[in-house]
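With the sequences and hints as input, model every part of the structure.
As given, the protein sequences belong to chains A and B, one line each in that order.
This note's numbering puts the first sequence at residues 23 to 435.
This note's numbering puts the second sequence at residues 152 to 252.
The hints are simulated quantities; they were obtained by calculation from the structure and are not laboratory data.
No incorrect hints appear here.
Label-pair distances were calculated between CB atoms; the ranges are:
| no. | chain 1 | residue 1 | chain 2 | residue 2 | range |
| --- | --- | --- | --- | --- | --- |
| 1 | B | ILE247 | A | SER167 | 39 to 47 angstroms |
| 2 | B | ILE251 | A | ALA123 | 24 to 32 angstroms |
| 3 | A | PHE111 | B | VAL194 | 27 to 35 angstroms |
| 4 | B | THR223 | A | PHE111 | 34 to 42 angstroms |
| 5 | B | LEU217 | A | VAL281 | 52 to 60 angstroms |
| 6 | A | VAL281 | B | ALA175 | 42 to 50 angstroms |
| 7 | B | ILE247 | A | THR148 | 33 to 41 angstroms |
| 8 | A | ALA123 | B | ALA175 | 26 to 34 angstroms |
| 9 | A | ALA425 | B | ILE251 | 53 to 61 angstroms |
| 10 | A | VAL417 | B | ILE247 | 38 to 46 angstroms |
| 11 | B | LEU213 | A | SER167 | 51 to 59 angstroms |
| 12 | A | TYR215 | B | ALA175 | 25 to 33 angstroms |
Don't be surprised by glycine CBs; every beta carbon is placed ideally from N, CA and C.
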Amino acid sequence: MSTSDSEEDSYNERTALVASEIPSVPSYQQDPDQPQPADMEPRRRTVAPEPAAEPPSLDRSAVEREPVDLEEEEELPLKYGAKHVIMLFVPVTLCMVVVVATIKSVSFYTEKNGQQLIYTPFTEDTDTVGERLLNSVLNTIIMISVIVVMTIFLVVLYKYRCYKFIHGWLILSSLMMLFWFSFMYLGEVFKTYNLAMDYPTVAMIIWNFGVVGMICIHWKGPLQLQQAYLIAISALMALVFIKYLPEWSAWVILGAISVYDLVAVLCPKGPLRMLVETAQERNEPIFPALIYSSAMIWMVGMANPARHAEPTNQDTGSSDEEAHRSEGSALARDWVEPETQVSSGMNRSYSTEDDLDEEDRGVKLGLGDFIFYSVLVGKAAATGGDWNTTLACFVAILIVSVAVRKTKCWRRK
Amino acid sequence: MNLERLPNEEKLTLCRKYYFGGFAFLPFLWLVNVVWFFKEAFVEPTYTEQLQIKTYVKRSGLGFLLWVAVLTTWITIFQHFRAEWGEVGDYLSFTIPLGIP
Chain A
23 MSTSDSEEDS YNERTALVAS EIPSVPSYQQ DPDQPQPADM EPRRRTVAPE
73 PAAEPPSLDR SAVEREPVDL EEEEELPLKY GAKHVIMLFV PVTLCMVVVV
123 ATIKSVSFYT EKNGQQLIYT PFTEDTDTVG ERLLNSVLNT IIMISVIVVM
173 TIFLVVLYKY RCYKFIHGWL ILSSLMMLFW FSFMYLGEVF KTYNLAMDYP
223 TVAMIIWNFG VVGMICIHWK GPLQLQQAYL IAISALMALV FIKYLPEWSA
273 WVILGAISVY DLVAVLCPKG PLRMLVETAQ ERNEPIFPAL IYSSAMIWMV
323 GMANPARHAE PTNQDTGSSD EEAHRSEGSA LARDWVEPET QVSSGMNRSY
373 STEDDLDEED RGVKLGLGDF IFYSVLVGKA AATGGDWNTT LACFVAILIV
423 SVAVRKTKCW RRK
Chain B
152 MNLERLPNEE KLTLCRKYYF GGFAFLPFLW LVNVVWFFKE AFVEPTYTEQ
202 LQIKTYVKRS GLGFLLWVAV LTTWITIFQH FRAEWGEVGD YLSFTIPLGI
252 P
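Here it is as C-alpha cells:
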C-alpha cells in the first residue's frame, strides 16, 4: 500500500474484519472453518468444525468461531511446523547463495582498501593482537550504541505517531538501496567480466530495476517479484557490510547483535517489545517495514500487501546506514516490529498467524535476519576460501534458526 | 499481492496504472504487467472488465517488445562500433574492458 494510505488501511482492515462477521458474505464466513492446509497438526483438525458439511449460518459460525479462536491461540506454537521453517529456508538460502556467488567471483567485495564506515572508526591495522582486539571491541561498542539510539528513536517516532517521517525515511532508504547500491554492484560485475557497457543502457537497467522495485515493495506488486526484490536488497546490503566492516569487528558485532537482539525483544522494557505492544494497542498494521513474507495475508475485500523489510544502507564514509529490524510476536494477529539499526540488522525470525480471513498462512521473517545470515556466510566464504567452511556455516545457521524459532515459540506459549 | 482476491474493478485499475506507468521508460513494468495479468486477461472466464484488461495487457506486450527491439539494436551497435568511435565511445562507456580486443 502506498505509505500515506497506511492509516486509512488500518481502518479498512478493521472495518473489513468487522464486515466479515456479517452473513451477507457467507463465503468469507466459511473460510476460517475451511480445512487447514494438510500439514497442520492433526489436533487442530479435530478441533476445527467440520467444513462445508454445515451450512454457514451466522450464529453458528460466529459461535463456533470463538472457541476456534481460543484454541487457535493456544495451538499457535504447534503450527510452526516444518513447512513454515522450510518456507523461509528457501529465500534465506537464495540470499546466501547470491552473496557467496558474488564474493567468490567479484573481487571488489573482498578488497580491503582501508576504507571503513564511520561507525567503525578504529582501524584494525594495528601492531599487536591486543590492540586489534581492543579496537574491534570499541568498534562494536560504537556500532551497538548507534543501533540502540536509532531503535529508540524509531520507537519514539512511532509512539508519537510521526508516521510521515518514518515513511519518508523508509522510502529514502529503499531508494538508496535500489538505485545506488545496485548501480555499484552492476558496475563491479561488468568490470569483473570485462564487459563494455554504455551509460544509456546502464541508466535504463538501473532505472527499471529501481522503479519497479519501489513499486513492488512500497505499493502493490506480484508477490514473487516482491520477494525477489527483498532478497536482492538483503544481498546487496550484506555485501556492503562484508566489504566495509573490518574482519574482527564484523565477528564481534555479529555476536553482540545477537545478544542485543535477544535483550531487546524479550525484556519488558526492550524497544522492540514496546514497539510491538504499541502497535498492538493501536491495532495497526506496521508501516512498510521490512519483512519478508512467504505468502500474502488477506483481509476481506482488501488487497493487503505483506509487510516488507528493507534494510537501508548508505555507502562508505559518507552517510548513515540504517537497517531495519523487524520482529513479530506469535499471536493471532500478525505484527511486525520494525527497528532501526545502524548495522547488519538482526531480526529474530518469527512466525505469526495471519488474521482470520486469510487462507494462505505465510511465514514472515525480518530482512535483518537475511542480512545477518548472509553476512555470516559471506564472511566465511571471503576469509576461508574453502567451501567446507562456507557449507558448515550454512548448515549451522539453518540448525540454529530452527532451534531459535522453536525456543521462541515455546517461550511465548 | 494476490490478484485472485481483488475485486475486478481494482484489478482493472491496477492493470491500467501499470500500463501508464510503463510509458516512463519502464519496459520492465510492462513486462511485469503482461506476466502478472496474463492469466487474468486470457485464461479466466469472461467478466466485465476483462476486455479492457486484455487491451492493456496486449498494449503492454507490444510496448515491451518495441523496447526490446530498440535496446537490442542500440546495444549491438554500441558493442560493435565502440572501439571505432574513439572519444565518443569512451565518453559513452560506463565500463571499458581492459586488454587488447
